[in-house]
Amino acid sequence: MRGSDFMVWRDYYLHFDKEQSIVHRARKLALPWSRGTADFDRVSLNFGAEAGTPKMERWTVYAVTLQIFAAIARATEDFRHISYEDLADTSMFRQEGVTTYSQLLFDVARQQVVVGARDNLYRLTLTSLTDLEHASWSAPEDKVNTCQNKGQSVEDCHNYIKVLLSNGKSLFTCGTYAFSPWCTWREIENITTVTSEMSGVAMCPYSPHTNVTALLSRGPSGGLFAGASTDFSGADSTIYRTLASPNLRTQQYDSKWLNDPQFVGSFETEDHVYFLFRESAVEYINCGKKIYSRIARVCKNDRGGGETWYMVKDVWTTFSKARLNCSLPGEFPFYYDEIQGAAYHPEEGTIYATFTTPINGIAGSAICAFDMSAVAASFNGPFKHQENAGAAWERRPITHRHHQSCGPLSSTNPQQVIDSQWYQLMDDAVQSTMLEPLHTATLERFTHIAVDVTPTKLHRSVTVLYVATATGLIKKISVLPRTQETCIVEVWGPLPSPPLTLQFLKDTQSLYVGMESGLLRIPAVQCHRHRSRQACLNAQEPYCGWNEHLMKCAQAPKQDYLANHWHQEVTKCPVLTDPVDGGWSAWSPWSPCQHSTGEQSSEHHAHSHSHSEHTEKIDTCQCQTRECNNPPPQHGGESCTGARVRVTNCTVHGGWTAWSGWSSCSQTCGFAMKTRRRTCTNPAPAFGGRVCVGHDHDDIMCIDLPPCPVPAKANPPPQNGQWSAWGPWQACSKPCNGGIRVRKRMCDSPSPKKSGIECPGCDFQIEDCNTHECAETKRYSGWTPWLAVNSSLQSGSTVYLEKRFRFSCRAQTYDPSSVRVQLAKEEERFCRNDGSCLRGKDAYVESNEGGWGEWSSWGSCSRPCGRGIQHRTRQCEAPPCDIGLSTQNRVCNSHQCNVNSGNGNTVEGQWSCWTEWSECSATCGIGVRTRTRECLGPESCNGPRMARENCEIASCESLAGWDTWSHWTPCDGDRQQHRKRTCLQHGLGMCQGLTRETRDCLPDCSDNDVNALPSSVETLGVTVGAAASGCVASFIIGIALTVMLCFYYVKRRKSSIPGSPHYISKQNSYVTVPLKEVNAKRQPSFSGSTNGNGTLRNKNNPNVNGLGSPKLYPKSLDYESATLKRNSHGQQHIRADLDQDKYY
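Just so you know, we're using the UniProt record's numbering here: the sequence shown kicks off at 1 and counts up by one.
Some hints here could point you the wrong way.
Claimed, not checked - Below, simulated DSS-like cross-link-like pairs (lysine-lysine); rule was C-alpha separation at most 25 Å, straight line:
1. K713 / K754
2. K506 / K457
3. K744 / K734
4. K290 / K169
5. K313 / K290
6. K169 / K506
7. K457 / K558
Treat the hints as calculated values from the structure; they're not laboratory data.
Produce the entire structure from the sequences given, and follow the hints as far as they go.
Take a look at the structure:
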């Protein structure tokens, strides 16, 4: 067959094959990839069926098919192809149940990439794609139900992330939200934190199948620029600006502006925002429907029509669009009309885009580059205008450029508004950088594209294009700087699923591919595949060169592309005709494989006749394989060295070891046995192997042994005692405030017998119990009998006052010392001598019931002698505390002071300083030491003259072998202290004496009366003269104060003494109060005369208070009494000051 015939057949019939192709040169059609023969069998059969040729013509078809297979075999052996499994250092992120990883946002400053998938957001590391944070963002149930009720599928009624942008530390995300677009602002370092939410209409499409492009603009105007559909049906698509004022959009439902666009990408320059999309060509509508590729732009500072032009106040005034021309030149150019992907390189100012033929035609793709100068030239040219619906489209130049102006922010020019409504489409198409596309491919459809620019040994920059195909391949294509010829450097894949997004990150020199099943990171550098210098240079890889120091193909050392020991040639396409040494592919996953042994082979041969009746289990292993196809050896290159298969975990059947020798007899007389053994370890069964069959030991009886003698009867051994189980705990000794409880056990399980040892340890255990505090208990005494506390001594007076008292006792423990007795209440009545009484007002005495806390300790006395005052206070812990006082006072140091006989001033003796402590009274063990002080006068001194304290020196016993004594413990409840020591060396004459000592707690002799000078106080060095002068001055001042007080007292006594005989005799200031509770019903009402002092005597007195007892009491009352001191002028205040307010 002629070559031309083969080319024609390939052009027209190879489109049946759906596999990939490799492009050998620019402007040349590609050979398809094939992973099998099924598709080509189908092609040949179809070809034969259509021709309907005789038998000879079928032989021709077979010959053509063989030639095709030969071409395919040559193509698949191309060293540039790298399977997905052989890509080195790739990283993959996926999560079970999550799909559509369609949006990527790189945050290089934080070394993270934010990924938007269906119903989920992720923060991953840049290199390993490790999960840093996960935020679930699914549509609520009610919106999902509404979506399905509107006829949408279950798959479409999810939240598909469509917009992922950043602004400083904030992250802007939008999703379809079950056909209810919704957007959120989040923290970029904590994506689970949503700072604000808003509707996503005009920023995100309703349908997950609709394209969208968006960006957050820089500069003073700012705002979000988006190209998306704005309604449920997707009929109203617009270019919209929001998050800035004013909100602007393209004219609604006007096909001259936008006609069913599918947005591909967007980017911004200093003044404009550009949108790339494909749409139905409105200028071609008279000839039929056709898709054109477009580029549109708007000014960032467009203010819209303004209030003057109300009908178009929210419409762009700077919108315009132009066609992108990517075609093969000729008399009849061949256009690639439908743009599929685009990438803008700002440093070069170049747009790289992929284009395809219509979906209903033969598949074909192209890559074109557009310079921004060509874009500007098109937008600065004339417009294409249609006067009316039936008129032809005409070229319409305009003299002014208001429509294209992006001047300073000001009021909108009227002419600009008019032009924006008349002219949108530019007449001149944007031409690519070359007359023909950079790269073309037949029977393939390109989708996404990414761009990188890298320096090389010979060039300042080489452009590398990464193009994805609809079948999951990624082609790495270099553009030679001088000739702009494109060369396929590598072909990766096919990937697990077709790419949904494709982005290159320069910082990691990696390509990030978002797929349906996960996110994949592929390093751009794959230099390790080239194992020789010539193979490395023939690859023409822009990233790789031969390093003579390392003797391997690698990147430029430390980014030094001019290093002398690093060689690189990137001046042509890869050389495919030189020898290529083979390289191993990656190992396959472990999988089961069969193996056979010589034993199995002989068994199979012996029993082959019964194979159909009895099938044994097949022995298996775990195997890995690899192929010598990365790359395959070509053109005389060396093949791979090493094993192609790795085997492990093979089935092993168990085998017996040899028998051991016979053991000795189990005994030397009578009946005995001896044994031999073997183990199933030769080899041991493993990985499903059979265990050994048979016994692992043999036993035989020993013969010729003499009979055993009859043993003598032995005495029974002693029986040691064993403790029984612990009995139950006894009742706690106290119900609260910490008691103890005991449990016991008996030494009877069994009891010791035959001189057996007693049970070790104690037969009882003690533990704390009821450690909680006791609840405070309060009890009231009964009323005391009525007591006459005051009677009128005036002549003829028959009325006197009686009182009775009631006391309260409060305690929180069972300790009698903690009982607090207080006067709780008193009552009074006025009685006549005839026995009739009139009840007066009850008087409530101070009580501690009102929320008062405990009294503090008494303070120091205000005077060392001569009657001083002490104070104590309490706090209100549970307001209100209406009853009672917060302070109390009492008299102290009531003894008389020593008075100087000369002038009557109070003079106290002064002590000297303490002497040093004396020697200890004992030479060993515990003794006492003393110190003294002298009274310096002029009078006697208060306090002890001598102070004593305990002293301790070395023990009187031998200290040999003993450790030092521990410190004395604090005094326990028995007023004793303890200490102990440990024997460190045992032996003759060592460790003599006790291991534990106990002593009584001695009183602290230095704790003396309040007037005593503490032992820790140092006396000041005051001279006798100074002391005498102070005493004289104090005496004079005292005399003056005494005279003034006497004068005041005499004057007051004269003015307050009445003439009534009631005050002639001094009233008794003490009253005896009974403390024994008496039944209130038996309290009498007294009658008769009284002595007026109200003293109750503790005796059996038939005439209490000197009054006759009424007949209600036939017997006298017996009760205990205490004495109360009362105020001589106020009977309503009674104070019981007995033993610091405690009564027993």
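Verification of the supplied hints:
no.: 1; hint: K713 / K754; verdict: 17 Å, holds
no.: 2; hint: K506 / K457; verdict: 19 Å, holds
no.: 3; hint: K744 / K734; verdict: 19 Å, holds
no.: 4; hint: K290 / K169; verdict: 44 Å, violated
no.: 5; hint: K313 / K290; verdict: 32 Å, violated
no.: 6; hint: K169 / K506; verdict: 22 Å, holds
no.: 7; hint: K457 / K558; verdict: 13 Å, holds
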